[in-house]
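Student: Which chain is which? The protein sequence lines are A and B, in order. To get our numbering, take the position in the first sequence, counting from 1, and add 3. To get our numbering, take the position in the second sequence, counting from 1, and add 518.
Derived from the structure by calculation, the hints contain no laboratory data. Being a predicted model, the structure only gives us computed values, none of them experimental. Just so you know, even glycine gets a beta-carbon here, dropped at the ideal spot from N, CA and C. Keep in mind that the hints are not guaranteed to be accurate.
[Said to hold, decoys possible] Now the in silico label distances, taken between C-beta atoms and shown as ranges:
1) B:Leu563 / A:Asp200: 30 to 38 Å
2) B:Ser545 / A:Lys33: 29 to 37 Å
3) B:Cys555 / A:Gly71: 39 to 47 Å
4) B:Arg804 / A:Arg73: 42 to 50 Å
[Stated by the list, open to error] Footprint (simulated), chain A over chain B, 3 or more residues, beta carbon under 8 Å:
5) 686-700
6) 712-722
7) 765-771
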Amino acid sequence: MMTAQEQTRIGEKMGVRDLNVYYGSFHALKNASLSVGENRVTALIGPSGCGKSTFLRALNRMHDLTPGARVTGEVILAGKDVYAPGVDPVTIRYRIGMVFQRPNPFPQSIYDNVTFGPRLQGEHNKGKLDEICEQSLRRAALWDEVKDRLNRSALGLSGGQQQRLCIARVMSVSPEVILMDEPASALDPIATSKIEDLITELKKEYTVVIVTHSMQQAARISDVTAFFLLGELIETGSTTDMFSKPKDKRTEDYITGRFG
Amino acid sequence: MASASVAAEGAMADKRATQWRIRRIWSGLGVGTAAACAGIAAVTLLVIFGYVIAKGVTALNIDFFIHLPRPVGIEGGGVSNGIVGSAIIVAISAVLATPLGVLAGIYLALFGRGVLAEAVRFLADVLSGVPSIVIGLFAYTVLVAPLKHFSAFSASFAFAILMLPIIVRTSEEAIRTVPRVIREGALALGMSTYNATINVVLPAARGAIITGLLLGVARVTGETAPLLFTAFGSQFWEVNPANPMAELSLQVFTYAISPYEDYHRQAWAGALILIVAVFIINLAARMALRSRVSRG
Numbered sequence: 004m005m006t007a008q009e010q011t012r013i014g015e016k017m018g019v020r021d022l023n024v025y026y027g028s029f030h031a032l033k034n035a036s037l038s039v040g041e042n043r044v045t046a047l048i049g050p051s052g053c054g055k056s057t058f059l060r061a062l063n064r065m066h067d068l069t070p071g072a073r074v075t076g077e078v079i080l081a082g083k084d085v086y087a088p089g090v091d092p093v094t095i096r097y098r099i100g101m102v103f104q105r106p107n108p109f110p111q112s113i114y115d116n117v118t119f120g121p122r123l124q125g126e127h128n129k130g131k132l133d134e135i136c137e138q139s140l141r142r143a144a145l146w147d148e149v150k151d152r153l154n155r156s157a158l159g160l161s162g163g164q165q166q167r168l169c170i171a172r173v174m175s176v177s178p179e180v181i182l183m184d185e186p187a188s189a190l191d192p193i194a195t196s197k198i199e200d201l202i203t204e205l206k207k208e209y210t211v212v213i214v215t216h217s218m219q220q221a222a223r224i225s226d227v228t229a230f231f232l233l234g235e236l237i238e239t240g241s242t243t244d245m246f247s248k249p250k251d252k253r254t255e256d257y258i259t260g261r262f263g
Numbered sequence: 519m520a521s522a523s524v525a526a527e528g529a530m531a532d533k534r535a536t537q538w539r540i541r542r543i544w545s546g547l548g549v550g551t552a553a554a555c556a557g558i559a560a561v562t563l564l565v566i567f568g569y570v571i572a573k574g575v576t577a578l579n580i581d582f583f584i585h586l587p588r589p590v591g592i593e594g595g596g597v598s599n600g601i602v603g604s605a606i607i608v609a610i611s612a613v614l615a616t617p618l619g620v621l622a623g624i625y626l627a628l629f630g631r632g633v634l635a636e637a638v639r640f641l642a643d644v645l646s647g648v649p650s651i652v653i654g655l656f657a658y659t660v661l662v663a664p665l666k667h668f669s670a671f672s673a674s675f676a677f678a679i680l681m682l683p684i685i686v687r688t689s690e691e692a693i694r695t696v697p698r699v700i701r702e703g704a705l706a707l708g709m710s711t712y713n714a715t716i717n718v719v720l721p722a723a724r725g726a727i728i729t730g731l732l733l734g735v736a737r738v739t740g741e742t743a744p745l746l747f748t749a750f751g752s753q754f755w756e757v758n759p760a761n762p763m764a765e766l767s768l769q770v771f772t773y774a775i776s777p778y779e780d781y782h783r784q785a786w787a788g789a790l791i792l793i794v795a796v797f798i799i800n801l802a803a804r805m806a807l808r809s810r811v812s813r814g
């Protein structure tokens, strides 16, 4: 947690300017602008259908895969617009990893899951891959639970373990930013608290943007919170300020539980 | 006043009870009919199976598997060339149809949209309904007539066309059932569409795709009509696909329409081998699917 003064001193990792997303004729996200601080956890909150996931998926160009979806505006990553002509979305997704709502390990072994990314990037040295595997799993706080069964199917893991495996998989390619789309919403409270601890740990090395349905979760883990409503980004601010003295009436109504 | 309303209520309750009884009778009739139909379908198969076993098992011996056909009256004739011929012809057809069918399935499941995809789907459905003899004639027209030579390859070609729609539609279905989040996870990891499809989606759908392939193989294994003017049949040991080749179901056909009792018995034995082969292939298809489910 930090004050607004601290907030302004933090370096910007991603800058989003006037982002609009359309699904066909439906205007799902309207002129959203947000500065994502380096080594900070930014939480996106708001009721269902408010555009927070839409916003998140625009950051690593996942909308490219949705037929009929159109994105306008700028998403600046380290000085360059990821939507600039000639930018390959594949290289963007190397640099911006993503963890999904439902754990989605590939139907392969644990080892193969974690080394998939590095192998695609051309790393074939067994020793190096073993090292990446162990390191990623350790960082995801999963190593001790799976080190004896790396060659077993990832689908045999529990939901919480699968989700941490997916986080390890993302870290295996050393992205600069990690996007998380309600990563704990399908998990039980114990698995959830493990994921939350992990996220707090992650921000030492990574910049994290997380969509969450739970305001308590946002309050626990994030430094900055952005509130979305009906496709608009209503308010952004340091999490402490946001939950103690929201500027906008609509933010206040939401966080005090009057709707949503 | 009060007693009248009580009486009315009683009448209403009676009426409802009657309705309920009628509904129960109808329900029982419906379930009974459905069960009877299911029973007839299953029993038919069992009867055919039992009949073929009873008729075929007497002619079945080791000679039947390892010997070539022998003239009527000479003991110990077999269908070894037909068994091998069937295996060769079906194997080549699978090799021809699988890549095409699986790639078409990938296209339909992941990329195909609009008129073209709908057209491909519709044509695949129509193709699966085309009588096999018509497809045999087509193979004859393009591969046998111009070369003036019957060949096992032309039979494989016809079989491949017969298998193709089955493989296309089952592959499409198999790939469609791979959760979208798995594919997105692969792409979010920085994989190209090609890599995500080949290295993640396809392996995830492997079990169901193999099932489709085996069902296609089972479908053509029992086909006879297209062989009449493609593989043509042979009395000899033949493994070169460029030449006419013996094929088990074709042998069953020629033996069955011959006037000799000995050949009739051999036809039953051949039919038994065919039915067992198809049974085993279907069983394998189920197991391929099961192994996929247990992984998922």
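Student: For each hint, tell me whether it holds in the structure or not.
Tutor: Going through the hints against the structure:
1. Range check, Leu563 (chain B) to Asp200 (chain A): Cβ separation about 59 Å, and the 30 to 38 Å hint is violated.
2. Checked against the hint of 29 to 37 Å, the C-beta distance between Ser545 (chain B) and Lys33 (chain A) comes to roughly 54 Å, which is inconsistent with it.
3. Here the CB-CB span from Cys555 (chain B) to Gly71 (chain A) is close to 45 Å, well matched to the stated 39 to 47 Å.
4. Checking the proposed 42 to 50 Å range against Arg804 (chain B) and Arg73 (chain A) shows it holds: the Cβ atoms sit about 45 Å from each other.
5. Only residues whose beta carbon comes within less than 8 Å of a beta carbon in chain A count, and the segment 686-700 of chain B has 3; three or more means the coverage holds.
6. As drawn, the segment 712-722 of chain B meets chain A at 5 residues by the rule of a beta-carbon pair under 8 Å; at three or more, the given contact holds.
7. Counting residues of the segment 765-771 of chain B whose beta carbon lies closer than 8 Å to any beta carbon of chain A gives 0, which falls short of the minimum of three for the stated coverage.
Consistency note: the structure conflicts with the earlier hints numbered 1, 2, 7.
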